[in-house]
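Student: Residue numbers (our numbering), protein chains in the order written: chain A, 6 to 543; chain B, -5 to 79.
If you're looking for bench data, these hints aren't it; they were derived computationally from the structure.
Values in this document were obtained by computation on a predicted structure and should not be read as measured data.
Be careful, since some hints might not be right.
[Said to hold, decoys possible] Cut-off 27 angstroms, straight-line C-alpha distance, at most; resulting in silico cross-link-like pairs (DSS-like, lysine-lysine):
#1 A:LYS64 to B:LYS18
#2 A:LYS372 to B:LYS3
#3 A:LYS135 to B:LYS72
#4 B:LYS50 to A:LYS372
#5 A:LYS319 to B:LYS34
#6 B:LYS50 to A:LYS341
#7 B:LYS3 to A:LYS320
#8 B:LYS72 to A:LYS319
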Amino acid sequence: MIVTGKSVFGGIAIGKLHVLAKSDEKVKRLSISDAEAEKKRFNDAREKSKDQLKVLFEKALKEVGEDNAQIFEVHQLMLDDLDYVESVENMITEEAVNAEYAVAVTGDNFAEIFASMDDDYMKARSADVKDISNRVISILSGNGEGEFTEDEPVILMADDLAPSETVQLERSLILSFVTRFGSSNSHTAILARTMNIPSLIGVDFSEDCNGKMGIVDGYEGKLIIDPDEETLDDYIKKKKADDEKAALLQKFKGLDNVTKDGRRINLYANIGNVGDVANVLKNDAGGIGLFRSEFLYLESDDYPTEEEQFRAYKKVAQNMNGKKVIIRTLDIGDDKQADYFDLGKEENPALGFRAIRICLEKPEIFKTQLRAIYRASHYGNISVMFPMITSVKEVKKIKEILGEVKAELDRESFPYKDVEIGIMIETPAAVMVSDELAKEVQFFSVGTNDLTQYTLAIDRQNPKLDAFYDPHHPAVLKMLKMVADNGHAAGCWVGICGELGADTTLTEEFLRMGYDELSVSPSMILPVRAAIRNIKLK
Amino acid sequence: MTEFNYTIKDPAGIHARPAGLFVKEAAAFDGTVTIGKNGKDVDAKRILGVMSLGVKSGEQITVKVDGAGEKEVADKLKAFLEANL
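Construct the complete structure from the given sequences, taking the supplied hints into account.
Tutor: Written out as structure tokens, the structure is:
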């Protein structure tokens, strides 16, 4: 049987399915006669819960880092929250009910408050209130530490997993998480990504699969329960290939991006959010070759302020600790829309009002971003790059605006560094005038996705055109050569940040063209490094 | 009583971790501390109340401190907000 869900981390897991029993179902309402004794039971259990949370905090600190561990400090504060404590005590006194029941009801009430808030993050916090309540209840009812007593690795299944449940689990015994509920923001999802194990959310499984054999396919978002022999063999092979590949790649960490005959190239990562930096460092990238700044605009209901942007850029620059961070200015429009920009409907959005065109028409938006980038430059090694350039005139206009921004910052005494400036080469026009453009900037980065689409006049979103689409079309490769030659002639360094940059069948050709940098998704850093180290140019 | 306004700058608003740290700061003070949004004040020493205000980025909060040494406490809390939120 196959059940589908949403994958939060790719990969394949094969093993026994273990469905975690729900603990909050067991709470019964009982009448008590000694309210004071019952309150003491509650407060003792509360103290014991806090002790457990202290231990969990220390454990989590070591295993998943301070950011993820702090939730257990928050849980301790919640247990000390007077609204919470008084609500439980009042119920015990006024309704003469047992502590378990009072805690369960109080927990549900607070969880309900959070669940009804209009903010996804706060909604997800209702799980935290339930979690602390379940902890107290489990101590009150004498169930020590949950019921997970497996001694072989399993695929763990539950409605949703509370942070304290996930951290108590012995890591080496978890192959994968599968939950009925939860969001990409849930603790389970975050933990799955930290642990690098394939995991699914939103899977509607039935309780009776407990103990059966299962396969989690994190690439396709499916759970296969009781697979037939053929499917199982198939997945065992896939998993083996995955494992071998991963193990092999780990050997390339810390090594140089250098060919057998000594040619070096910079290998950077593409990121789309501040949180991706961890993945960049984990995969040993030499820098960030493309920091898409759109997330700041797309995740917001209004134009992000200079301060918000400054913090995001500064954080990335600081976390990268002196390594290069190339921030691409706003590339909104086409398929990336934010309502407040009010861009209107266009016949041909890919050829429409987007990216630098918006910035040059609405310089106040552009300046806010440039000020934030320049201010952040003080805290690391930041470069800036501009998308969708078609002419020298545009670049000159950008430099004029940059001059104004710098003058403003000087007047306000903000420190900033001499930021390296570059442009994306992603229109055939930019390729044809790249000799002139190279005199204006310090680097080029080729955006192969758009460049290919514009060169071949093929809409990538239209599946009917797949037969005509050739990512290795000689027209595109000739353009890449031309860009590299023109860039170098004027002293620019040249890179590729589109999908083609990670295509290892072309790595050798890019090196021969003289490319100085490839920027790829974090997970492709090591595969591309492996390819580079296997190349001999002479 | 000493009070001040502050506009939250963190893109995520007052989320669980800084809320916890703020509550800890407030709890270290013997007097009363409240935090409010749109006229609704809650006890700043109670994390569930603080979180349930649901303060988002760009929204203004009012912090009121009452008791001995309130000025210093208000300054401390303000510095905390500026550094963390």
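Student: Each hint should be assessed against the structure and marked as holding or not.
Tutor: Going through the hints against the structure:
1. A:LYS64 to B:LYS18: 22 angstroms, holds
2. A:LYS372 to B:LYS3: 19 angstroms, holds
3. A:LYS135 to B:LYS72: At roughly 32 angstroms apart (the allowed maximum being 27 angstroms), LYS72 of chain B and LYS135 of chain A break the hint.
4. B:LYS50 to A:LYS372: 25 angstroms, holds
5. A:LYS319 to B:LYS34: The hint is violated at about 34 angstroms.
6. B:LYS50 to A:LYS341: Between LYS50 of chain B and LYS341 of chain A the Cα gap is close to 24 angstroms, so the pair holds against 27 angstroms.
7. B:LYS3 to A:LYS320: Roughly 14 angstroms separates the two Cα atoms, so the pair holds.
8. B:LYS72 to A:LYS319: 22 angstroms, holds
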